[in-house]
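Visitor: Now that you have both chains on their own, put them together as the hints suggest.
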Amino acid sequence: MKARNKRLMFVVVGLCGLGIAAALVLSAFNQNLVFFYSPTQVKNNEAPVNRAFRLGGLVKEGSVQRQADGLTVNFLVTDNAETIEVQYKGILPDLFKEGQGMVAQGKIGDSGRFVATEVLAKHDETYMPPEVAKALEKGKASKEAMTSSSIVSQ
Amino acid sequence: MTNLWLYFSSPKTFYPLAGKLIPVFSLLAIILIAIGLYMGFAVAPTDYKQGDSYRIIYIHVAAAWMSMFIYVVMAGWAAVGMIWNTKLSDMMAGSLAPTGAMFAFVALWTGALWGKPTWGTYWVWDARLTSELILLFLYVGFIALRSAIDDPRRAARASAVLAVVGVINVPIIYFSVRWWNTLHQGASVSPEMAPKMAATMLWAMFVMAMAFWMYTIAVVLARVRSEILERESSTEWVREILARQR
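Those protein sequences? They're chains A and B, same order as listed. According to the numbering used here, the first sequence is numbered sequentially starting from 1. According to the numbering used here, the second sequence is numbered sequentially starting from 155.
There's no promise every hint is true.
What the hints assert, rightly or not - Each computed BS3-like pair below joins lysine-lysine, with the alpha-carbon atoms no more than 25 Å apart:
| # | chain 1 | residue 1 | chain 2 | residue 2 |
| --- | --- | --- | --- | --- |
| 1 | A | 107 | B | 350 |
| 2 | B | 203 | A | 140 |
| 3 | A | 97 | A | 138 |
| 4 | A | 60 | B | 270 |
| 5 | A | 138 | B | 350 |
| 6 | B | 270 | B | 350 |
| 7 | A | 140 | B | 350 |
| 8 | A | 97 | B | 270 |
| 9 | A | 97 | A | 134 |
| 10 | B | 203 | B | 270 |
| 11 | A | 140 | A | 60 |
| 12 | A | 6 | A | 60 |
| 13 | A | 134 | B | 203 |
| 14 | A | 97 | B | 350 |
| 15 | A | 134 | A | 60 |
| 16 | A | 89 | B | 270 |
Read the hints as simulated data drawn from the structure, not as lab findings.
Chain B extracted, bound-state conformation (with noise of 0.2 Å):
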């Protein structure tokens, strides 16, 4: 198993895998992405008190629980690098970083528009819809410091400290519902209690969270095989697939 996990955590090896991978998690994102949507928009049914405006969750939801995993395995890849000092993990890192800052930006717009016909505001700054900003401030802080410095290396180390002590964010961003008076309201499905949605509205939000995922990897696994390529693009093995493709 760990000879398996080092084959792979070497970029010449995991480059040819993430090309194989990428089409069967885009066709997969592109399938499930079609079936939720159809079964949120078509085959769900209003919501008792808020007609259809509720259907907003259907992204609005799907991206804020991304926005928050991604940047736990964004961290998470973070500490990999900064412990073992592997090359893969800060690539790791530094794709995931902009699909994490693209959900988060989503899930407050999305919020922003549902907000308005059933709050009647846009924005106010309660816990959640804060904690949540702060995320998307901590992804593109990360993008601009992991860009800002030259040398990859010490790019990678310093920006993996941001990310590590970031994540501190994310359990606040769960629990602020909870913890605090917040406008917005709690949490419709959690690991403790019964979910509070139809079934049919369960089932198009965790349809739409499973393409969520499906398109996150398929996206990475692009840019890493870029980044790869680029980074490695001084051996021997890249100038031969750069050679063929000529």
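In isolation and in its complexed conformation, chain A is listed as follows (with noise of 0.2 Å):
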């Protein structure tokens, strides 16, 4: 064998071994790497116990609630399975919305609320003009309307 064909089998043979390496590191590590955990496995108590830890998931729809002091905020956090209920007092940031995603740091109280130290806002890989966001909406709410209203004519 050729010097040169030794050391291309060197250098294929070796990045195959540190992709397996890599590979097997990472998902050794794979819970470790997750940046927030979803209310479905913080209910399943997969998360932190009095710990702080990230939980991250959407606002639900309708569920904020500033109190009186006027920066104490309470609202739901869901992934559409579970839901749990976030006490936060500080500035949220812009982006944080009813629907829209939020991750949001630190850990679960007595009372199974989890009491925020920090809201982050998490929005998604979507950009389109405002118009069309407004017919997209539209389009959905006119669906919607449809099907419910086949649902009372049945």
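Guide: What follows is the structure in structure tokens.
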């Protein structure tokens, strides 16, 4: 075998070995690399207990309640399977809205409520002009109206 | 084909070729950056959720793509240098690194500026952001290692190993948003699905990516040329060039 073929083999085999090693390490780290836990994971006791962690999910529509002091906010976070109540005192990011994603840092308090020390807004990878978004919303609403009316007529 | 490849892999023939290509790619870069920025900031509509702050993607996404792509190309040249012992491949890898590092830095910086108004924070240690930071460190490490060893052949071999080993980070960056829960959003554009962006936004982003590509080629070729002059300074043909310029 020529020296250069040997070196080629060395590089290829080395890269394969490295790839396998990286895959094994990453799968072993899998749980620890998670940036946040979903409400389902929290309900299944997969999130750390008595320790701060991040909770991620959608802010449930119509659940945001501002307390009398104007700073404390209560809302529900859902992954459409489980729901967790969150309390946060502080300034919310601009993109924080009902029906949108968010990630909160904090821990479960005595009452079973998640007490957040920081709330971040998570946005998705969809970008479109406002008119298109409005049109889509309208389309969705009319579709819903149609399905609900068909239920009524049955 | 192989003959042509061998012909241009010699520094002596590559030097004038690169000299001819640089103005072409520089001009293309300037034109495309002008078009891309105009499309991105004047033609493309605002975003329904983020308003105007999303416009940073025209620099952020293109820079992030380039930072990953340049690393793969750099590692490819490093591997070629390791296997075939060609001089030019190490010069290529070495010339790509500073531009790749710059794009990685730009991606992180613009990402921080974007993160503050949208997420509410400049930085979080999620998988996407952390792996991109590691990419920047790999570039810096590659540059530092290459310049720390005086003998160019040994420097080439040592830095090539680092570059090739580090390439494992690139798929981790790319797939991080899919493998783990991250604060960073998923990919808007990927081979498997229709892009999740309005068409004008998408085109502006592609034009910017092409513009950065052209810029990279122009800058890297210029850097390779000066490295050729430095390394081959004892050869007859470099002396001739230098004598002509005096």
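Visitor: Compare the structure with each hint and give your call.
Guide: Hints and how they fare:
no.: 1; hint: A:107 with B:350; verdict: 34 Å, violated
no.: 2; hint: B:203 with A:140; verdict: 17 Å, holds
no.: 3; hint: A:97 with A:138; verdict: 19 Å, holds
no.: 4; hint: A:60 with B:270; verdict: 23 Å, holds
no.: 5; hint: A:138 with B:350; verdict: 19 Å, holds
no.: 6; hint: B:270 with B:350; verdict: 23 Å, holds
no.: 7; hint: A:140 with B:350; verdict: 18 Å, holds
no.: 8; hint: A:97 with B:270; verdict: 16 Å, holds
no.: 9; hint: A:97 with A:134; verdict: 16 Å, holds
no.: 10; hint: B:203 with B:270; verdict: 15 Å, holds
no.: 11; hint: A:140 with A:60; verdict: 18 Å, holds
no.: 12; hint: A:6 with A:60; verdict: 60 Å, violated
no.: 13; hint: A:134 with B:203; verdict: 11 Å, holds
no.: 14; hint: A:97 with B:350; verdict: 21 Å, holds
no.: 15; hint: A:134 with A:60; verdict: 20 Å, holds
no.: 16; hint: A:89 with B:270; verdict: 19 Å, holds
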